[in-house]
Each structure stands twice: as C-alpha cells, then as structure tokens.
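Peer 1: Each chain, written out:
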Amino acid sequence: MGVHRCRMCSADSVINMRQHRLALCEVHFVEWVEKITFSFIKKHRMFEPDDRILVAVSGGKDSLSLWRILLKLGFQADGLYLDLGIEAGCSYSKRSGEYVEKFAQNISPKVKVHVLDLADIYGKTVPEMAGRRKGGRKKSCSVCGLVKRHEMNRVARELGYTVIATGHNLDDEAAVLFGNVLHWEAEYLVRQSPVLPADGVGLVKRAKPLARFYERETAAYAIICDIEYMQEECPFSVGATSLRLKEVLNSMENSSPGTKLQFYFSFLRAKENSLIPGYKRPELRPCDKCGQATGSPGPCAFCRLLEPARAASRRGQD
Amino acid sequence: METQSARNSVNRIRSSLMVKVIFKNAEWQIPGNITIRELITDLGLNPQSVLAVKDGKLVNNETGLGNQGEVKLISVVSGG
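From first to last, the protein sequence lines stand for chains B and L. Under the working numbering, read the first sequence as residues 1 to 318, first letter to last. Under the working numbering, read the second sequence as residues 319 to 398, first letter to last.
Incorrect hints may have been included.
Here are the simulated lysine to aspartate or glutamate pairs, EDC-like style, with alpha carbons at most 20 Å apart [as the list claims (entries may be wrong)]:
no.: 1; chain 1: L; residue 1: Lys372; chain 2: B; residue 2: Asp12
no.: 2; chain 1: L; residue 1: Lys390; chain 2: B; residue 2: Asp12
no.: 3; chain 1: L; residue 1: Lys390; chain 2: L; residue 2: Glu356
no.: 4; chain 1: L; residue 1: Lys375; chain 2: B; residue 2: Glu228
Bear in mind the hints are in silico, worked out from the structure with no lab data behind them.
Given only the sequences and the hints, what does the whole structure look like? Please build it.
Peer 2: Next up, the structure:
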C-alpha cells in the first residue's frame, strides 16, 4: 500500500482517517479540524462570540488543543487548571500544571489561566479524598470527576464565565456510552450530550466541542501544532474501566473503520428522534452547604465527600 | 584482513539500515524495510491507539520506516 496523498493538495498525507476515507497533509488537517470544530459548535449551539468560555485544561492533548482551536476561531477563552495533588512518585499534577502554564504563556499574553490547588482550598488532595471513600483507590477516577465538575462549576459561577468547555473527544464519549449501555444506565444515557444547558439553580452550561474527533485526531492536531503536552497517563488510571472499553472499541474500529463514529452519532440521532426512553431528572436545588446545584436532598455529593475531612479537622481542633 | 574489513563494511551498512524506534520507555533498533503500520502491528499495538513521529514529523501509517533516523510511537489513549 502506498502513502496516501492529501485529498486537498496531493502532498504526502500525515494522517489517514479511514472512517471518513480522508487523508490530509499537515496544513489541510489543521484547517479541517478547526473548520469541523466550528461547525460542531454552531450545530449544537454551544456558545457565541460574546460568551465568556472557561476551558478546563489538564495539560493533556485534548484540552490544550481545544484551547488553541477556540482562540484561533476568535472565541474568548480562558483556562482553568485544577491541581489535584497527584504525586504518585512522578509529580504528575505539578508537571501537568507546568505544561498548562507554558502553553498559556506561548499562546497569547491576553489569555488568563486560573490555577487552583485543591489541597490549599480543601486541605486534601484528590488521592486523599478518594482514599477515604469505600473502594479506596479504585474510586479515584470517579472521585476525581466529581471534584473536577464541582470546582469547574464553582469557579465559572464565581468569575462570571457563561460556558465551561471540556476537551472530551469521541473516544471518551463512545467509551462512556458503551459503559452506560452495558449497564443500561438510562439516566446517564439521557444526560449524555455534546452540550449540557445551564440550569436556573446555578449549573453553568457545559460544552464538548471536540466530541466529533477521534482521540488520534486530537493527538495529531497537538503534534502538528507543536503543542507540548503531558503524554504520560495519570498513574491512577491504570486498569480503569474506561480504558478497557476504549480498547474494545479500538479493536472493533481497526477491523471495521467508522464503528466508534457510527456508535456515537447513531446514539445522538436516536436521542433527537426520541428513541431513548424518557427520564425525568430529579429537580435540582442548591446544596445546603456550598449552594451549588444538586439533585440529592441535603448536602451535594461533593460536600458529602468532604464531610469526613471536615469532621476530622473539627476533632483535631477540639 | 580483507575478510575482516569486508565484515566491518557489511556491519556498517547493516547498522545504517536500522531505525531507532521508541515507544514509552522502550527503545529498539529495527530494520527499516517495513511500514509504520507493520511496525505497530508487529509490536502488538493497535494502529488506532498510536501515532508515529518520524524524525520529529507526524507520518502516515503507510510510510516506510526508512533507512535511518528515529521513529517515535506516541500512545493517543488517555482517560480514566
């Protein structure tokens, strides 16, 4: 098999996207990614040029690529980096934060990056919060997700951002969908969407502008655009369910190109056509402790997670 | 003497036809007469999960490894 030529200019291609039957050179691939992102933002009414966007950046390929694309498309986008306090013998969080800061310095002097250290704010890192939970280390990823969602929303509200943008790609979305289908999680299936609207009780609108791209494509974009990013995996993600689901999906994709794309977009179409059974979300109300939106009575899941730390801290003071 | 000299030349030519391949913390010297896709599958990896950067530039999986230089395979799968 010869090297595929770029469909646009016949130069040597650097990527062949078999699911689209499309091979592109560096220049045309970057243009394609930015164009498709723009049309995906418009199609799902994610945000407008006058929106203030807070990009949740982790130092990885997806979030840094997203930030670059949004700025290039002319949107007002600042970054939020949460230092989760993951050390694990490799200073994971510290090094990830360095990639974010370096990116922000290089991309434009006008952009802001908000850096928050969870241990400074709450006295505990994410691994420490997860360690106290039933299931301990195994629960790291779910605790991490809970903490990040809570803090992103809190910061966006406090600083007046109208949209939170995250770097979820199609592989992330397809893996979540696959997991939810396997366990028939109707509630999560109904809620899974490239855009989640704002809610009157304080949930800021959330958008996933890269949900149209395979992980391979966001990585290719980062490499071509010379974005230096954290290539190492989070040490706590070893053996994570989402990685196993991605492996299965990639195996199917390899033998049948387009499987992931079809799986995710057929699901979105089924939702649009009301083929997914309806689910009534519990009414949201402000949490008794932190005031953020929650569906549970009493404190929200984040405040319940922190409660043992607060109680221990009170005992220490007595 | 002549035989030794010939052997040295052959070894030099052989080593010039080897490509350094890097993946995560491992490094190999691999003969360059295969494509990136063949390399990826020979290493037991899924072509969907990695990208190849040859001498600092992203390359298509159908590209040949070439006769010299360095190919870095980058895992694209992340998450938890």
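Peer 1: Does each hint hold? Answer for all of them.
Peer 2: Now for the hints, and whether the structure bears them out:
Taking the CA atoms of L:Lys372 and B:Asp12, the gap is near 14 Å; set against the 20 Å cutoff, the hint holds. For the hint pairing L:Lys390 with B:Asp12, the CA-to-CA distance comes to about 19 Å; that is within 20 Å, so the pair holds. Distance check on the hinted pair: L:Lys390 and L:Glu356 sit about 14 Å apart at the alpha-carbon level, within 20 Å; holds. Between L:Lys375 and B:Glu228 the alpha-carbon distance is near 14 Å, which keeps this suggested pair within the 20 Å criterion.
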